[in-house]
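The listed protein sequences derive, respectively, from chains A and B. The numbering of the first sequence is the working numbering, which starts it at 1 and goes up by one. The numbering of the second sequence is the working numbering, which starts it at 1001 and goes up by one.
Because the hints were derived from the structure by calculation, they are not lab data. This structure is a prediction, so every number in the text was calculated from the model and none was measured. The beta-carbon is built from N, C-alpha and C at its ideal position, and this holds for glycine as well. Among the clues, some could well be false.
[What the hints assert, rightly or not] Straight-line C-alpha distance at most 30 angstroms; calculated BS3-like pairs for lysine-lysine:
{"no.": "1", "chain 1": "A", "residue 1": "K32", "chain 2": "B", "residue 2": "K1004"}
{"no.": "2", "chain 1": "A", "residue 1": "K25", "chain 2": "B", "residue 2": "K1086"}
{"no.": "3", "chain 1": "A", "residue 1": "K26", "chain 2": "B", "residue 2": "K1086"}
{"no.": "4", "chain 1": "B", "residue 1": "K1123", "chain 2": "A", "residue 2": "K25"}
{"no.": "5", "chain 1": "B", "residue 1": "K1123", "chain 2": "B", "residue 2": "K1004"}
{"no.": "6", "chain 1": "A", "residue 1": "K25", "chain 2": "A", "residue 2": "K94"}
{"no.": "7", "chain 1": "A", "residue 1": "K32", "chain 2": "A", "residue 2": "K94"}
{"no.": "8", "chain 1": "B", "residue 1": "K1006", "chain 2": "A", "residue 2": "K94"}
{"no.": "9", "chain 1": "B", "residue 1": "K1086", "chain 2": "A", "residue 2": "K32"}
{"no.": "10", "chain 1": "A", "residue 1": "K94", "chain 2": "B", "residue 2": "K1123"}
{"no.": "11", "chain 1": "B", "residue 1": "K1123", "chain 2": "A", "residue 2": "K60"}
{"no.": "12", "chain 1": "A", "residue 1": "K33", "chain 2": "B", "residue 2": "K1086"}
{"no.": "13", "chain 1": "A", "residue 1": "K26", "chain 2": "B", "residue 2": "K1004"}
{"no.": "14", "chain 1": "A", "residue 1": "K33", "chain 2": "A", "residue 2": "K94"}
{"no.": "15", "chain 1": "A", "residue 1": "K26", "chain 2": "A", "residue 2": "K94"}
[Stated by the list, open to error] Computed footprint of chain B on chain A, listed as stretches where at least three residues anywhere in the stretch have a Cβ under 8 angstroms from a Cβ of chain B:
{"no.": "16", "stretch": "5–14"}
{"no.": "17", "stretch": "32–40"}
{"no.": "18", "stretch": "71–83"}
{"no.": "19", "stretch": "92–106"}
{"no.": "20", "stretch": "113–123"}
[Claimed, not checked] Pulled from the structure, derived: some chain B residues nowhere near chain A, Cβ distances all over 10 angstroms:
{"no.": "21", "residue": "D1094"}
{"no.": "22", "residue": "S1102"}
{"no.": "23", "residue": "F1108"}
{"no.": "24", "residue": "F1110"}
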Amino acid sequence: MNIIIAGLGASLGAILRYFITNYGKKHWEELKKHYLNLPFPTLFINLTGTLILGILFGMKVNPFFYALVGTGVMGGYTTFSTLNTELVALYHSKNYSGLVLYALASYVGGLILVYVGYYLGRLF
Amino acid sequence: MSDKVKNYLSVAGFAFFGGMARAYLNTNFHFYGTFWGNIIGCFLLAFFTYFFFEFKDFYEWLNVGICTGFVGAFTTFSTFNLEVLKNFDAHLNDIALIYLFSSIIFGFVFAYIGAHMGETLSKIVTGRVK
Chain A
1 MNIIIAGLGA SLGAILRYFI TNYGKKHWEE LKKHYLNLPF PTLFINLTGT
51 LILGILFGMK VNPFFYALVG TGVMGGYTTF STLNTELVAL YHSKNYSGLV
101 LYALASYVGG LILVYVGYYL GRLF
Chain B
1001 MSDKVKNYLS VAGFAFFGGM ARAYLNTNFH FYGTFWGNII GCFLLAFFTY
1051 FFFEFKDFYE WLNVGICTGF VGAFTTFSTF NLEVLKNFDA HLNDIALIYL
1101 FSSIIFGFVF AYIGAHMGET LSKIVTGRVK
């Protein structure tokens, strides 16, 4: 049952990710040019989603809500495959400083934010 | 139906199955499930992205459905980070570090291989069509 709930949540999360990616492609181009062509939409999505999942886990929400919003929406919203495909694209365009910066911002940022979220969630 | 609506519906529909597949792996195999889902997803997304590159506009709804919808929802960045935290929290520091670094390295390597295979296959197919 929880698997179907998670699937429904993932639909919502993926729509949100698709919307932000499209929005970012239109409006964040200037930002991208200034900062080594980093894919800001995915970075924004992954970091905010990780923070929110950390909060949910820290709050110890009930299993149904966690399956829907945690595993479902946040799992479908954030993405590991797009991050790595973008890293490969940066590598192919020989943008090595962009590659290192994007990887560090994602992985170090993700770990910091999941801890921040966890401790924030425990306050509630 | 406008193309935009079609794309959003396609993303939602495919993501339902991608999310369920991930939830299944996660329920049965815990972080090992997430790990393999993420690694396989990296290969698939890079493969499809590079394979569809030449003719992505023909079946845009199918392309965004499979890539953004299914594979995007099948892989997850937030749960990956949370599972690293959970392992550290349970004092399984070595497992946390192995999980963290093998995800980072294999994610990139499998996406790289997928991109290469997708590009090669795309050239073969378009070469035949031309």
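To see whether the hints hold, each was checked on the structure:
no., hint, in the structure
1, A:K32 / B:K1004, "holds, 24 angstroms"
2, A:K25 / B:K1086, "violated, 34 angstroms"
3, A:K26 / B:K1086, "violated, 37 angstroms"
4, B:K1123 / A:K25, "holds, 27 angstroms"
5, B:K1123 / B:K1004, "holds, 29 angstroms"
6, A:K25 / A:K94, "holds, 21 angstroms"
7, A:K32 / A:K94, "holds, 16 angstroms"
8, B:K1006 / A:K94, "violated, 35 angstroms"
9, B:K1086 / A:K32, "violated, 34 angstroms"
10, A:K94 / B:K1123, "holds, 22 angstroms"
11, B:K1123 / A:K60, "violated, 50 angstroms"
12, A:K33 / B:K1086, "violated, 37 angstroms"
13, A:K26 / B:K1004, "holds, 15 angstroms"
14, A:K33 / A:K94, "holds, 15 angstroms"
15, A:K26 / A:K94, "holds, 24 angstroms"
16, 5–14, "holds (count 9)"
17, 32–40, "violated (count 0)"
18, 71–83, "holds (count 12)"
19, 92–106, "holds (count 3)"
20, 113–123, "holds (count 4)"
21, D1094, "holds, 16 angstroms"
22, S1102, "holds, 13 angstroms"
23, F1108, "violated, 6 angstroms"
24, F1110, "violated, 8 angstroms"
Going down the numbered hints, you'll see the structure goes against 2, 3, 8, 9, 11, 12, 17, 23 and 24, while the others check out.
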